[in-house]
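There are 2 protein chains.
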Amino acid sequence: MNPIRVVQFGLGPIGQSCIKALLQKPGLELIGGIDIDPQKAGKDIGDICGLNKPLGIPVRDDGAAALAEWRPQVVLHTTQSFLDRIEDQLTMIIRAGAHVVSSSEELFYPFHRDPGFCERIDTLAKQHGVAVIGTGVNPGFAMDILPLCLTGICTDVQKIIVTRVVDSAQRRLPLQKKTGAGLSRQEFEEKMNTGRFGHIGLRESALAVIDTLGCPVDEIVESVEPVIAEREMTTQFLTIEPGQVAGMRQILRVKSEGQERLVLNLEVSIGAKEPHDSIEIIGEPPFSMRIDGGIFGRTATIGALINTIPKIIAAPPGLRTMMELPAPYAFLA
Amino acid sequence: MNPIRVVQFGLGPIGQSCIKALLQKPGLELIGGIDIDPQKAGKDIGDICGLNKPLGIPVRDDGAAALAEWRPQVVLHTTQSFLDRIEDQLTMIIRAGAHVVSSSEELFYPFHRDPGFCERIDTLAKQHGVAVIGTGVNPGFAMDILPLCLTGICTDVQKIIVTRVVDSAQRRLPLQKKTGAGLSRQEFEEKMNTGRFGHIGLRESALAVIDTLGCPVDEIVESVEPVIAEREMTTQFLTIEPGQVAGMRQILRVKSEGQERLVLNLEVSIGAKEPHDSIEIIGEPPFSMRIDGGIFGRTATIGALINTIPKIIAAPPGLRTMMELPAPYAFLA
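So the sequence lines, in the order shown, correspond to chains A and B.
According to the working numbering, the first sequence holds residues 188 to 520 in order.
According to the working numbering, the second sequence holds residues 188 to 520 in order.
If you are wondering where the hints come from, they were derived from the structure by calculation, not from laboratory data.
Just so you know, not all the hints are guaranteed correct.
If chains are identical, the list can't say which one is meant, so a pair holds when it fits in one copy or spans any two.
[What the hints assert, rightly or not] Simulated crosslink set (SDA-like; lysine to any residue; CA at most 25 Å straight-line):
1) 240 to 471
2) 365 to 472
3) 365 to 310
4) 460 to 387
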């Protein structure tokens, strides 16, 4: 079988990690990179990724022309989170006849947030015979696909409680910053009011779970609060003073037919105690799953994206979700 | 949407539990039961399941005629474990134009054990436009689908270690007996030599995982040993004396390209200490999952079967596997 021809769209930290993972898989062939940054265009992808050797794989900033020339089967898209920021990029990729696997959090389950976007992308993808999907670790796995998968052996599910506690001390600066690390409490509140701050995708995870189980939604209640440092903490990038924000705690609760059906607890903070992922199913049979230490999100995001490539090729054309595809198994070749 | 019309084939303990679960789901309509036991034929399904009231749903022992009359969309098949024992039953159901969801352990991943069977069932199912699948909790979930699902976020998987420890004290007598409880050590060895004793499906789980990851198989090493009671133990059904067999421990190891890639540890014994399910992924990212107390197999088997009904209707015709379908989410209506 010929390797799947892949273009990486977006050469930020996530995109660069995707490239390193792509290069390890004989079943995937990286044929080019696209980035709007003129500093990157024209360079070799190996140089941009700090691989100490050129790979003979070019980076271009003229996306449509590059795609027309390269004709990839799949574009791995890692640029932005929000649907309105990525629509033009997705449209360009679809018109070039390539399937899309994207890290956009909102694209994981975009149907409630922007039905018009979904209609346009779905129609265009079907016209061009390609499939489009958003995935990652969160949303995409830890707080949606994995809990759903655990319900697969339940004759009844009364409630699901998912908790993810991430110690962001070892993570990248953007993650620390987007969860408020280093801000004062007041700055945190101000940022929150912009509406584009904090973890993106908790609502997408919740709606994906609830809709897939077939529960009607009465009400979604979401709360966000800062986690305040009790002592001085220093990471590779930041020093947090006592009283400053170390991160955030987001809780989302879904009520269905008068009953609380789903609780998603997410804490991402520097120095978070007992980082872990846990899922409790209150149902038949009742059981709880725990991953001590938690799933390391940065690598897991890359894994989720890469492993979806062979599945998106086999998927029916249109805007797809991870709930429709086979569970996202790894492939080793 | 009209409810899915389902016939229950096999009215043993698992079949009866399926019926109780089916009756809870408005999206499923139980229209009949089939069993070869002449004591059951002609009775009402409610009476057979001990529901204290007739349901107006008949049980028949003339399978082909009953299916032709009832015309179910799906048959839930819970009779036997072995391919050679179920082939005639599957053939009858497929000829009646119904999809099959079966609890047969060997049917979960039958390709290595009996390619001829697979060819015949696949061809016939395609001729009749129906899909056939085997599932359950083990095989079907705990030691195959769930570990595979966890690899979905890995960029690399070096090795997977799955452990399932079940305390069979609270389980049904057939499970206690088929894992050797109450035998002497010598009787246990003799039973083992018959080749149809112990947990069925460990090899199916292993091959499903390994093939799905894309690893070639060098060697599979399987071992079984009795778990010997150290003290007297009494269950609802049995009293085990010290020195007698309390259960069994099965270990299966798969080597691929010179490297041990998969270890499945299964202990099922009366009084087993610290019952649990755990999965360790040695890869990128590395992580371990644990379910303290373990997944309660009896209910979980029913859940796996019931939840697969809506998916098998949407699957392409032929002999299918759980790895091809969307992960087996619960549905609540």
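Here is how each hint holds up against the structure:
no., hint, in the structure
1, 240 to 471, "between (55 Å within a copy, 24 Å between copies)"
2, 365 to 472, "between (38 Å within a copy, 23 Å between copies)"
3, 365 to 310, "neither (34 Å within a copy, 55 Å between copies)"
4, 460 to 387, "within (22 Å within a copy, 42 Å between copies)"
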